[in-house]
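A.B. asks: Take a look at the letters that make up each chain.
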Amino acid sequence: MDNTYHVGMADLVVVSAPAVLITLGLGSCIGLVIFDTMAKIAGMAHIMLPDSRGTKVIEKVGKFADTAVPTVIDEMIKKGASKSRMKAKIAGGAQMFALPGVTTDFLSVGVRNVKETTSMLQKSGISLVASDTGGNKGRTVEFSTTTWMLAIKTLGKGKTEI
Amino acid sequence: MLDLSSFNNLQLDAIREVGNIGTGNAATALSKLLACMIDMDVPRADLVSIYSLSEYYGDPDSVVAAVFVRSFGEFGCSLIFIQEEEDADLMVNLLLRQQFGDSVPADLDPEMKDSALTEVGNIILSSFLNAVNMLIGTQHQISVPGVARDMLASILDVVVSIFGQMGDMALVVNTQLRVGASSQNEENRTISGNIIMLPDPDALELLLRKLQVL
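These protein sequences, in sequence, are chains A and W. Mapping the first sequence onto my numbering, position 31 (from 1) lands on 31, and the numbers just tick up by one. Each number in my numbering corresponds to the 1-based position in the second sequence with 1000 added.
Excised from the complex, chain W in its bound form (with noise of 0.2 Å):
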């Protein structure tokens, strides 16, 4: 298995490279669902500590809406779907009036709002995955999702168990979506969300190879 710490520049920026192709599909995706504009960052592919993950997103008590899905196949890994609760929320609504129109009754029970989460998080991270496993050539599954609002410190015990046996690092790619404001967005205000690709570490050295880079 490959040491996290002997990742050079090169194979970070090759990571990153496919972070943004996958973004780029996950975007497009949304774009379509939610029939808006979708603005996107340039993805990071960080090592960070596990001791530190949760400072590196944010505050650790703050409450985050999270939908999860692993990527079986020849290139393993796991994605999640990360917002703030209010966030969240807001994609829910756009969703919703985009599909009913004003026939929504505004107070919908969480359920039903957990589960239009759980589906346009999983439209935008098999868009994602679907973007990367073209590129690197590799056939994949992928999982129902799965879905949690809870403290982010929580949600992020998740990536933890999948590095901390290995050792204190954690390979992170990141990336953010972003709904403009508009008129069907009540609220007026940005919508944003973030994607985490988690690679299963024993999956690193396949990626690396893959882009030509190890």
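Excised from the complex, chain A in its bound form (with noise of 0.2 Å):
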């Protein structure tokens, strides 16, 4: 059996294989997996906003796309991995509320948490291989390090791998 990983809000988990890393309820956040299948780590994140410009103390690091993409590399690579061989996955941004005629910064979180985490990944020189995002429907997501899939549960829609 794996030793399964809860990746909290605004958490921050790399492992070795064999693992599974479990994120749950994704609505606007994004859930990243950074993984290196050669040496056997991944690391995943929960984000929840895009930015940390404007915030006085950041007390988790995997709570903006911008402070968490830098931090999960790192990390991986105190462990063993080469940045070289990182690939990235992402699934969530979506937008849980329209209201119509209304445009509010914090109703299109989403859509701006997947431009800034994908723009830090290229800005790292990680390739992100897969994502699924947007739409009004929130996400479950599970990653196995057996596989390197990222399977992901939509209410109503059921299970699909990415």
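It should be emphasised that the hints constitute simulated quantities derived from the structure, not laboratory data. Owing to the predicted nature of the structure, the values given are computational and were not obtained by experimental measurement. You may find that some hints are simply not true.
[As the list claims (entries may be wrong)] Each computed DSS-like pair below joins lysine-lysine, with the alpha-carbon atoms no more than 25 Å apart:
1) 40(A) - 137(A)
2) 1113(W) - 153(A)
3) 78(A) - 40(A)
4) 1210(W) - 137(A)
5) 137(A) - 157(A)
6) 56(A) - 87(A)
7) 157(A) - 1113(W)
8) 56(A) - 83(A)
9) 153(A) - 79(A)
Relying on the hints, combine the two individually framed chains into one complex.
C.D. replies: Below you can see the structure in the form of structure tokens.
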């Protein structure tokens, strides 16, 4: 049986295989996994917001896309992963409520989370090999270091793997 | 902007009272709409860690139905009316039977159900907001409501996006409405729903001033 790790809100977990990384109920949040199949190391973050600018104290580095991405990479390197082999998958970034005629920053935070996470990965030179983002449905994600697949459960649509 | 961690009990009590007045009005409106008795709880105003928000409300994985509105004006805030999905369906049945009698088909399509649910939520939340703005003497406008059925944790991400940028706490005002068991209610059991008020962080100072606790 693989070790199962639950990644909470704004948390960040880096593990060696065999392991399963799970994060529940992603709405506008992002479930990010970065993995190195050769070193058999994977990291997951539950990102809540796009960027930490304008925030006085950063209590949890996993909270923001701009702090989570570099931290996952660093933690993985510490465990023996190689940056050049790292690949990433992301899921989440939905807009749970749409109010006709109303555009506010916080309702569209999902879109900005996706954009910032994607651009941080690009800046770090890590290729985003699969993603399932946007829409208006919540997602529960599970990453297995046996298959290196990210399973996504959506209410009413069942399970898909990317 | 006010620091949430500096809130004292007197201030939280004053905010809770705002919730009390809003809920009273919401309960009256719902009672008229459904033509039945509504019970309400004493509201709570709590400072909750945004990292454990869904555990505060229940099981992060559980399926809920939620109606969301934004209030614009001097006192900006967001409101959510949230229920277990089963309770939402019972409430919709109750409303439709009340309005259309026995002619309501048993297998109503989901869009109709959501539309009815949105209307109930809208009436509850508008009544709540009217009373609150009357109390503190502010003008307001309410957005068109939005509706979602999903996992509790996903729905509550909206709270996180409101409060997350400024810190790790959210100020939530919670209250529960209960529709009693009645002959109209097929299952003959209590239906409950929660109203969550989320004042905009930058409107908190105004709220406390109006309540004379700042």
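A.B. asks: Does each hint hold? Answer for all of them.
C.D. replies: Now for the hints, and whether the structure bears them out:
With a C-alpha separation of about 31 Å, the suggested pair residue 40(A) and residue 137(A) falls outside the 25 Å cut-off, and the hint is violated. Note on residue 1113(W) and residue 153(A): the hinted pairing holds, with a Cα-Cα distance of about 24 Å set against a maximum of 25 Å. Distance check on the hinted pair: residue 78(A) and residue 40(A) sit about 13 Å apart at the alpha-carbon level, within 25 Å; holds. Simply put, residue 1210(W) and residue 137(A) have alpha-carbon atoms about 38 Å apart, too far for the 25 Å limit, and the pair is violated.
Distance hint between residue 137(A) and residue 157(A) is fulfilled; the C-alpha atoms sit about 10 Å from each other, no more than 25 Å. Restraint check for residue 56(A) and residue 87(A): the C-alpha separation of about 31 Å exceeds 25 Å, so the hint is violated. With a C-alpha separation of about 19 Å, the suggested pair residue 157(A) and residue 1113(W) falls inside the 25 Å cut-off, and the hint holds. For the hint pairing residue 56(A) with residue 83(A), the CA-to-CA distance comes to about 30 Å; that exceeds 25 Å, so the pair is violated.
At most 25 Å may separate the alpha-carbon atoms for a hinted pair to count; residue 153(A) and residue 79(A) exceed this at roughly 29 Å.
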